[in-house]
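K.L.:
Chains as they are written, first to last, in numbering that gives the first Met the number 0: chain R, 0 to 349; chain P, 0 to 349; chain V, 0 to 349; chain F, 0 to 349.
There's no promise every hint is true.
25 angstroms max Cα-Cα, derived DMTMM-like pairs, lysine to aspartate or glutamate [claimed, not checked]: (1) K167(P) with D227(F); (2) K129(P) with E296(V); (3) K139(R) with E263(R); (4) K129(R) with D227(V); (5) K129(P) with E92(V); (6) K137(P) with D187(P).
Read the hints as simulated data drawn from the structure, not as lab findings.
4 protein chains.
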Amino acid sequence: MTPECTPRFLASDNTSGICPEAMEYLLKANQTDDLAYGNDSWTARAADRFRKMFDYDCEVFFVFNGTAANSLALAAMGRSFHSVICHELAHIETDECGGPEFFSNGAKLLTSPGVNGKLTPEGIEALVTKRNDIHYPKPKVISLTQATEVGTVYSREELLAIRAVADKYDLRLHMDGARFANACAALDATPAELTWQVGVDALCFSGTKNGLAFGEAILFFNRDLAEDFAWRCKQAGQLASKMRFIAAPWLGLLESGAWRTNAEHANAMAAYLARRLASLPGVSLMFPTQANSVFVELPPVLIDYLRQRGWTFYTFIGAGGVRFVCAWNTTTELLDDLLADMETGLRSLT
Amino acid sequence: MTPECTPRFLASDNTSGICPEAMEYLLKANQTDDLAYGNDSWTARAADRFRKMFDYDCEVFFVFNGTAANSLALAAMGRSFHSVICHELAHIETDECGGPEFFSNGAKLLTSPGVNGKLTPEGIEALVTKRNDIHYPKPKVISLTQATEVGTVYSREELLAIRAVADKYDLRLHMDGARFANACAALDATPAELTWQVGVDALCFSGTKNGLAFGEAILFFNRDLAEDFAWRCKQAGQLASKMRFIAAPWLGLLESGAWRTNAEHANAMAAYLARRLASLPGVSLMFPTQANSVFVELPPVLIDYLRQRGWTFYTFIGAGGVRFVCAWNTTTELLDDLLADMETGLRSLT
Amino acid sequence: MTPECTPRFLASDNTSGICPEAMEYLLKANQTDDLAYGNDSWTARAADRFRKMFDYDCEVFFVFNGTAANSLALAAMGRSFHSVICHELAHIETDECGGPEFFSNGAKLLTSPGVNGKLTPEGIEALVTKRNDIHYPKPKVISLTQATEVGTVYSREELLAIRAVADKYDLRLHMDGARFANACAALDATPAELTWQVGVDALCFSGTKNGLAFGEAILFFNRDLAEDFAWRCKQAGQLASKMRFIAAPWLGLLESGAWRTNAEHANAMAAYLARRLASLPGVSLMFPTQANSVFVELPPVLIDYLRQRGWTFYTFIGAGGVRFVCAWNTTTELLDDLLADMETGLRSLT
Amino acid sequence: MTPECTPRFLASDNTSGICPEAMEYLLKANQTDDLAYGNDSWTARAADRFRKMFDYDCEVFFVFNGTAANSLALAAMGRSFHSVICHELAHIETDECGGPEFFSNGAKLLTSPGVNGKLTPEGIEALVTKRNDIHYPKPKVISLTQATEVGTVYSREELLAIRAVADKYDLRLHMDGARFANACAALDATPAELTWQVGVDALCFSGTKNGLAFGEAILFFNRDLAEDFAWRCKQAGQLASKMRFIAAPWLGLLESGAWRTNAEHANAMAAYLARRLASLPGVSLMFPTQANSVFVELPPVLIDYLRQRGWTFYTFIGAGGVRFVCAWNTTTELLDDLLADMETGLRSLT
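Excised from the complex, chain R in its bound form (with noise of 0.2 angstroms):
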């Protein structure tokens, strides 16, 4: 992450900026004044338009960032006591320094294995049935990521396994949708088709990562777990005063249909970046591309050799792992790029 020449990025979708759509609803939002905290003439727009989106009345709410949308949603799906189930390579875990327990004031996460990132019914009864004595905290909350940190994605017929065994045990179904639009896009699915209807009870949108500067939409489709979330978002430091610049550039993803034409290009980027590397010696893909990120395993001297040249990317899972994460604006020349250098570092390097 300290690349020596011009960086070239790859590390995450969170390294480009704001798309166009976006930007025309910032710069339009910002031509008058308007009220603060959410009650300006965009928030309620763009909640509307959400709902009319999912076709489904849900609860809408709008906070800063990731961290935050998760660890909310999960302290008002659960109490202190409870047990947040999740994938051992859940971002939850392994990424927020804490945040679900410091929100929730120490709910711990119970993890569970599961090939190409995915949670399994077994493997969640398992943490379930495990223990029910009150020195384990008590089960309450699947969180499942969708798409995957491992870039799959969960079929319909996975949601609906994993829901019935959230029935079963009466737990509650909660969506990290850090990536929803692409897996959106790569199931050929609407969002209600990959939420309510398979018994999401709650979904965390990111729009950080989906083309704004900053801004998570959080949708409640059980509406009784909202109750008086607005003051926890308040409380917790997540309640914008100027909301508008947050629902705003949100309301010009959903009207234009960026959301997921964004999504649909990371999408198609990562595709042809996985079809290429597929097609290297010496590298081989670690899980299936199914949204906008590839992960291959490369010759450590490979890896050096990427970031001497200025590629940006996460190493994952050991030494040889490595991370692509394809955007809004990924262009197949970049692409063509990394795979020029890769050629030529395989080369040189054997």
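Put chains P, V and F on the given structure of chain R with help from the hints.
P.N.:
The following block gives chains P, V and F in isolation, referenced to the frame of chain R:
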């Protein structure tokens, strides 16, 4: 706040949008991809610019909003069983829905009265010496607001006197700078003169009220208090992944000098309004107008009339108190319209 | 509190030891090993005995002390962004070092004045209707202390009036029963008459002040509020592994009737003391003596004199207010000694 | 745990009652009234006795139970965004229902495997060096259990090696001494030799498992970490008003030497049991029996048979693992009865 005609905004400086200087830098920062989580090319520059402007090698952090800035700083300055001494009208006491208590996991606020919204050494000392048993949360921090919640400012002498009492009882000094720029302008003082030179340990400097969409800077002059503070921000959902969209607009404010000219303008507008109000019959100013807020006692029927005419403002301290806040973009035309409506109202209502 | 001769204790009912009835059961419970964590042969019996005594199928939990009992109950009755309405002299506000805020992760206490240490429907309503915006923590619970912190008691009529305002605003009603037994004795009322029959949702019933070493019972008449409460106690460090040493002494109090005779005795001693004090020159009672505490205004020099003579007591509300508390083992001899010292002091000091 | 005949207790050392030496002092402390909140005549004596016994001027605090002792100490040793490194079988991870996370307001536990229930320098180092970004809670404390959760003990050499890695990474060292007395006895070591002399910063020393009804001592050898700790205990519901009923029984244990003879006895009983078990066919010890717990792999049908015969014990690590714990009052007769039942069971079941 539900005006029946075109709303006209004097409720708060957070109803204004993004000022041109901030917008220019926001657009610049959007021209290329950049590293996430503050490792971009803007964040360090903005932090350095703060250090230069304050003439001090302080620690600088950026968070999303004021609730978080104040609450996180206070949490870092004490522990859950400590208490924070503040004015009874302090925003952290009256308008944060328990935010400071939430972020600190339970620190109580001990409130003190004081004329013109200002803490006094005597008031602070009374709270500290009231009790010293372990059933009373041990005072650890003094929090004062500069400019205050009623539009007045602490002079340097007043700040030094508060620092003296802080020293006497080993208390830390926090400054809620929601309108810090306005205080600098009002006192014709440098940022240094109103902070570390008078013993302020930490300042929360609001950008939102100064012309940004979002973004507050937390400056620790007492660097020990900033230990591992970046982790605290992260855990609490206050680390922006696209940090440059907070940092760059801040840099725009600082490099252009707009941080101060915006404040000077807002103060001048408030002074203009106060001067004109003072001459209206049946209208009395509640506090000296030293920064950008004007507090005035109005006849209740006039308040209703103004709301019907679309004016947005808060009532304050009883039914008759009203607050008008001027911002970087408030115009004399707007204020003249308000005054004209007041005169009409006063005539017709009597 | 640092007497220079043999201390004589009237500071609080927690300076007394374990009463014989409690000790007898403690010793019994120690005759054999038993299951841990409340699965022993005593805990269920004690809980059932509470249900019988209250004539209600309530949920019963045992915790170590009053800070925890009240704080855990309040945490269960609301969420972090809610507020608790209590009297400005309430123990939870003045003497818990932020305990309720800690256990609830930030719920604010909103305080109300009220003569004789009692909340009034009007005072409660004023706090509820003061604001309804999200910057104000939403009122959710009323907490009252029975007997009050100043030794008075709420009548059934007063409790019913408070329940009416609770119903009007959908608030839950918590009773801090640090001296609940004394209130029952004072009002010649059954436990049922002072709790669920007047709409109390949860009662924290102190055993410590009633003759135990440790141990408070939390009774939820509103059973929904007790959902998973055992987990809450465990997580918060309030599940005793050798629970029988709390439960058995409680059972001793209940089966023997000592819970009430202890209280009656303490009340009678307080009444005796108050009666005698009222006849002393220069001494005036501050509140009606209805339970086991006597509050009296004394000349400061007399206060010093009494301390020198080894008397332990708290001062209260200013330099001249003094609280004497009688307990299950207070004797008339002790009180006569106090009165004699007072008379001597008053004579010699004037 | 629901035996069908008279229960016989080997489930834990918390099924035993109060030992005679503790009871004697409890009764003594009940002979007179005394000051509350630890200002009595016993608490300071007990604390001094700890200092003498550890040959160190440490800070000493008493709390009700082990959940609280460990959680409060850990909360004082770090902040919410720090992490605590512990063994994957550590009680704080597996059996506290999120207590450490609750008291610390979100600190994550990072777990490490290790043979015989022991952390290793390598395991600790792996967790510390794994990542150093702010998305990973910064390691601040190592917590080890002495004796361990599987009945083994850390040697002084092992402790010194862990202290070395703590020094290398600026970590604090916490010792969960739920069975600290048993470790001292097992290693024939003084309390000093196993704590501050090997760099332990804080020890939670259990009295409950050593023969008290309730009560743990927290000893800070690193006194800086104890700053204002009394307030922390108070706020968290761990300040006993009748503190002498914790302190006096502790003093009984310490002055009589029972703290150690109790542990020696329990260890001897465990050694006896282990020796005899090792000779049974179809039975294998799971860990070395070094303290007062015996872990043994039994055929499932034998486990059922023993439960039917009234034996209480926990299963552990899969269906076949069983833990027997000996206490200060365990007798060879009881163990012989167990062994006889086992032999009968093994014969009849095969």
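K.L.:
Between K139(R) and E263(R), does the CA-CA distance stay at or below 25 angstroms?
P.N.:
Not satisfied, since the Cα-Cα distance of roughly 34 angstroms exceeds 25 angstroms.
K.L.:
Is K137(P) close enough to D187(P), meaning Cα to Cα at most 25 angstroms?
P.N.:
At roughly 36 angstroms apart (the allowed maximum being 25 angstroms), D187(P) and K137(P) break the hint.
K.L.:
Assess, step by step, whether the Cα of K129(P) is no farther than 25 angstroms from the Cα of E92(V), and give holds or violated.
P.N.:
It holds: about 15 angstroms lies between the C-alpha atoms, which stays within 25 angstroms.
K.L.:
Run the distance test for K167(P) versus D227(F): straight-line Cα separation, threshold 25 angstroms.
P.N.:
holds, 18 angstroms
K.L.:
K129(P) and E296(V) were given as a pair; does the straight-line alpha-carbon distance stay at or below 25 angstroms?
P.N.:
holds, 19 angstroms
K.L.:
Going straight from one Cα to the other, do K129(R) and D227(V) come out at no more than 25 angstroms?
P.N.:
With a Cα-Cα distance of about 18 angstroms, the restraint between K129(R) and D227(V) holds, given a limit of 25 angstroms.
In summary, the numbered hints that this structure violates are 3, 6.
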